[in-house]
Amino acid sequence: MGDAGYVQLLDLAAGAVLLTAVLTLWRPEPPAVNRFLVLQGIALGGLAAVRAGHEGSVALAGLAAGILVLRAGVLPYLVHRLPVRDARRQVGMPVTLLAAAALTLVAFAVSQPVIRSAPAPATGAVPAGVAVLLIGFLVLVSVRGATSQAVGFLLADNGITAVAVLTTTAVPLLAGLAVALDVLLAALAWMIITADTDPAELRELHD
Amino acid sequence: MITVLITAPVALPVLCAVLYGLAGWRRPTAWVGAGVAAAVLACGIALATVVSAEGPYVALNGALRVDAVSAFLVIVIGAAGLLATGASPAFLRAEIRAGQADEALAARVAGRHSLLVQAFLAATTLAVLAANLGVLAVGVEVAVIAAAFLIVQGRSRLAREAAWKFLLGCSVGMALAFLGLVLLNGTVGLDWTALATNASTVDRAVLRIAVALLIVGFGAVAGLAPLHGWLPDAHSQAPAPVAALLSGVLLSVAFGAILRVKVIADAALGAGFTRTLLIIMALATLAVSASLSVAQREYKRMLAYAGMAHVALLALGAAAGSRFAVAAVLLLLFGHGLARAVLFLASGRILQLTGSRQAADVRGLATRDPVLAAVVGLGVLALLGFPPFATFAGQLGILRAGFGAGVATAVATGIALVPLLVVNAAVLTGAGRMLVDTAPVVEGPGAATAPERTPLSTAAALGGGLAICAVTGITAAGPLQHLLSLAADILTGTP
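Top to bottom, those sequences are chains A and B.
If you want the numbering used here, it's the position in the first sequence, counting the first as 1, plus 97.
Once you know that position 221 of the second sequence is 202 in the numbering used here, the rest is easy, because the numbers rise by one and skip nothing.
Isolated chain B, as found in the complex (with noise of 0.2 Å):
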């Protein structure tokens, strides 16, 4: 039972790319992805009640493994999986109805968005489950090519750009992990739990650079300075539910990774290497995404940069390296993922409804659709820390871990403070303007418009992606804080 349990969240998204291959993008097909993504959600659930309950498990002659931070990293997949294939229905019914002129190429778009999605979902369930760190990155590697063909299906030249830049980042990232793999793989192999346990038989200063290559190579999928540069161009071209994914899932499983070479690194080199590097690289990423999105025009470049800031605050929290730190970096993974999720999603009905990118086209949201308009403005409380949402004890959690774990630590998280409020106050202002100022007037008949509806599904689809964030704040001390514990121990070396 526990081995179908591990294999259904890679087999079952293969399964449904299988069939969105063979019988395309239409009504009876058009709901199995979100399925296939709640199944996945349902997976991670019961992994996570028996790993807390029986401890790890293995499965397929142990290649796969799952732990407690497996377990959490496939619900954080799960969650922000269900909330974009719920929403894409909707979203590609907009866009096969904006192209009428050929509505059959369209639904061919369609069926290969949803095919590359269940590949997307398939790799990272595949990355996270792998008892090996090879598989660990060939999943992302995957997921990274699938991300790469989905933001280009606009076949628009701002997306050939944005989609070759993302594959060029993300593939020099990933050649250093390589690299860093191959200085890493010696007698004792690459099966993450072995190098955890022997770590101290690899030589000290050959583990050093090959745990320096592999953070900065899983850094640069997950937006960290300094091959970030593809971020907000990709986030801001992809079409809202890939955004949505890119920023709550592939951000999240490449960060997961990083914190599994920190439990590597620091068996043996002590927590001073991968802490000083994590502390560089997370003040380098706030520096840059807070002096881009200070005059940032564009909303859904402004949420990259947001996102970018977020995952520095997650690498901080990862330097602190305390059980308490760790723990409250998961739950701010699993906040952000979700409110990002959800905030571009909402991004790209505004696409939809307003047909600019440009913030200042999209005034007084609240007047024209009060529905997306609620979404959006919970959505930013959620993203900026506000209770009762999960980001709100992550971010807390995470500030008061860093300045209660020595010197350097707590300089760098009083210094990481600025640039943090700089952007938070970027996306308050233009999230504020976008949704209470006036729409600018314009007179005359035929100017009058309707207030537009956001389709049922979307709402409830982002409705939902904010209850389970807000939930999970409130429950942090309850169902949720053993699995918690039982994954910061293991990310944290705890017997």
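With the rest of the complex left out, here is chain A (with noise of 0.2 Å):
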């Protein structure tokens, strides 16, 4: 692969996650939801497919392969398990859509750090990864509803695992980390599929 058609592909499927967690917002309520998360995965596993293809990575290839499996497969069908009672914005959706993208800016300021301490192309990505992060957390406080909390963590998550394919050195060390924060997320749905009651739609408890 050159490098013209590498830094191509890559920033291809960096934009393809950002897009994704954009449409999640545009769209917060399943079945869109769902497809929106499924691309998600597979624009994060073709990220990190990139990536092997032009280091000549196995383990990297088989991380892409993991990422695809995990998360545009096992996970986004968890999602489309989970019950949904509720998935209505708190704000509306031009606010949200330009807090989206507010929040993509400050991606770019707070990521140039990494960028300036090892620049190459994927890591000229890594704002694509920070910004969907946001947007997870975005996703968590401005819709309403337990399904949709999982739903931010699981774009936080996505976000995270970005960055960490574009930056990571050591794949052992980020496929258990991208575990662990699957474990997480199964956790949250346990206990939305556990409760006869949408868990954040209680508001009994406060000062």
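Don't take each hint at face value.
[To be verified] One side of the interface only, derived from the structure: several residues of chain A facing chain B at Cβ under 7 Å:
#: 1; residue: Pro210
#: 2; residue: Val211
#: 3; residue: Ala253
#: 4; residue: Val260
#: 5; residue: Ala261
#: 6; residue: Ala277
#: 7; residue: Leu281
#: 8; residue: Ala284
#: 9; residue: Ala292
#: 10; residue: Leu299
#: 11; residue: Leu302
#: 12; residue: Asp304
[As the list claims (entries may be wrong)] Derived CB-CB ranges, DEER-like:
#: 13; chain 1: A; residue 1: Gly163; chain 2: B; residue 2: Ala175; range: 20 to 30 Å
#: 14; chain 1: B; residue 1: Ile261; chain 2: A; residue 2: Asp108; range: 30 to 40 Å
#: 15; chain 1: A; residue 1: Ala156; chain 2: B; residue 2: Ala(-8); range: 27 to 37 Å
Source of the hints: derived by calculation from the structure; they are not laboratory data.
Every residue gets a Cβ at the ideal spot worked out from N, C-alpha and C, and that includes glycine.
Make the complex out of the two chains shown on their own, each in a separate frame, by following the hints.
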């Protein structure tokens, strides 16, 4: 793969990860959100695959396969199985999209030190990963319902994985961290599945 | 032999969890959990003796590493774990008696409770003994998940809400910490010793972001602002032994992680960066806890806010950063962990006696159950930092170090005194009313109530916890001094 082609593919995959995150803000309710999550998982797997192809790394290729199975298969399926009681936005869509744009700018600003520390096409795409993380947190706080909060956490998780894929030199560590975050997501999902009322809708505990 | 000592605090709770999984909670297994916690404490003391004499050790090809800090934290986990598991059999029996309609179900819940408590202990000991920061984070995460399932076991709506907030808040914190680890993981890897010695090779600007993410992330689990929202709900809704574990163990382990990260940051960035961050988080936490504790009506929530204020004090001590300050922080970590564990266990007993979480419903405890009242009274004195408890020396040390550590820290310490006094006054007033105010007079036949007796095992666990807290305070200059001074050397990067 030529260098120009590598950079284009890398940026395409990173852009797709970011775009799918913005799309979840546009349509946070199932079944649309599940499709976006699958697409994001595929883009994330693609990101790792592009790096694997460029560096000829078998470990990264294995990681890409793992990401594809987990992030485009298992986790979106898990989210699909969650009971959906309410996915209303707390704030209007235009405000949410503006906030997402602002967060993307913030992501570019805060990622500059990372890019400067190791200038390369891969680290150049790090802001996309950070933006997805921030958009994940935005979903977490701006959409009602536990299932939507789990979707927000999965987005944040995908953002962190994207940053890790773009910066890592230690694949086993990255795989371990990614799986560790997925276990947290599974625990959140379990809480939603076993509850007879939406845990995020309960508002009885406060001062 | 040393390998056995290092692996036992992780392996024994794992084996015990398997035992509870297979055999369930019944008469022969009821006390095994407490025995394992005692063994963890004994291992901690043995490890402390060994590392004090011979220096740090590694085991399992460098995966586990014990130094003065980790040995100290194993002692903290063992002591608070012993308290919680020692009081558990009586607590669980009372719960099973209360739900007589379905005893089999209650016994199953007790079995699951005991299994999860052991998993929690194994995860926290793994976190403090791990040589690698990644494994530390995974240990904290597993402990968080086990604790979330422990909080939700009551199955009430309130418990579900509290568990959800706890899991979500800590998940966000852990996600931030994991991103910090991803950024930190350069050529050196995530081995703590390697990072501490080679921190200057990591890009300074990247290190700043990573450290901020790690401190805010672990701060979420330790109950520091801005991600502290879960703490009062989780502590008030968790069953008493679980609240004791959250307060005595999880907060301490997460704060221990912050201290480890601070060493790496200070080596490369100087002390100023983490000092500013910790001071901001400490003052914000104190402001929240003081404002919400003033009008607090639930005694368990009151304790939770007091716990937040004390973690903030620990953060101020860490910000001061001198050897003396860090030794005081560790002493306070231990003392407060024990005092809060004792008080949460006692509050669980009060809840079983009165059926109410409201402080106003608990009047005249001193006449109703004198032993429990004495424990609560002494526990509150320990929590507020009265002599002879370890908290006295710890708080005094932190305040002294704070006022002597430069203008910024001195001003922050001065400001912090106000909310700290507010929280302490609120706790003292609330506890005073619960203990000595006259109980509301109910007249008529059948209104008389006989004094309740706290079970012997519970009284022994609570009294033992207070005794350890007092003995540690009195002998802080004795056997513990060498361990604390070694740990302070490690945590301040003193060669």
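Here is how each hint holds up against the structure:
For the restraint placing Pro210/A at the interface with chain B, the shortest Cβ-Cβ distance is roughly 3 Å, inside the 7 Å limit, so the hint holds. Hint status for Val211/A relative to chain B: holds, with the closest Cβ pair at about 6 Å, below 7 Å. About 5 Å separates the beta-carbon of Ala253/A from the nearest beta-carbon of chain B, less than 7 Å, and the hint is met. Restraint check, Val260/A versus chain B: the minimum CB separation of about 6 Å is within 7 Å; hint holds.
At about 4 Å, the closest approach between the beta carbon of Ala261/A and any beta carbon in chain B falls short of 7 Å, and the interface hint on this residue holds. The closest approach between the C-beta of Ala277/A and any C-beta of chain B is roughly 5 Å, which is under the 7 Å cut-off, so the hint is satisfied. With a least beta-carbon distance of about 5 Å to chain B, the hint placing Leu281/A at the interface is held under the 7 Å criterion. The beta carbon of Ala284/A is positioned within 7 Å of a beta carbon in chain B (closest approach about 5 Å), and the interface hint is therefore held.
Against a cut-off of 7 Å between C-beta atoms, the interface hint on Ala292/A holds, since the closest Cβ of chain B lies about 5 Å away. Taken as an interface hint, Leu299/A checks out: its beta carbon lies about 4 Å from the nearest beta carbon of chain B, inside 7 Å. Taking 7 Å as the C-beta cut-off, the interface hint given for Leu302/A holds, the closest approach to chain B being about 4 Å. Among the interface hints, the one on Asp304/A holds; its C-beta lies about 5 Å from the nearest C-beta in chain B, closer than the 7 Å criterion.
Under the hint 20 to 30 Å, the C-beta atoms of Gly163/A and Ala175/B, about 27 Å apart, fit the expected range. Hint check: Ile261/B to Asp108/A, Cβ distance near 37 Å, so the stated range 30 to 40 Å holds. Between Ala156/A and Ala(-8)/B the beta carbons are some 30 Å apart, a value that agrees with the proposed interval 27 to 37 Å.
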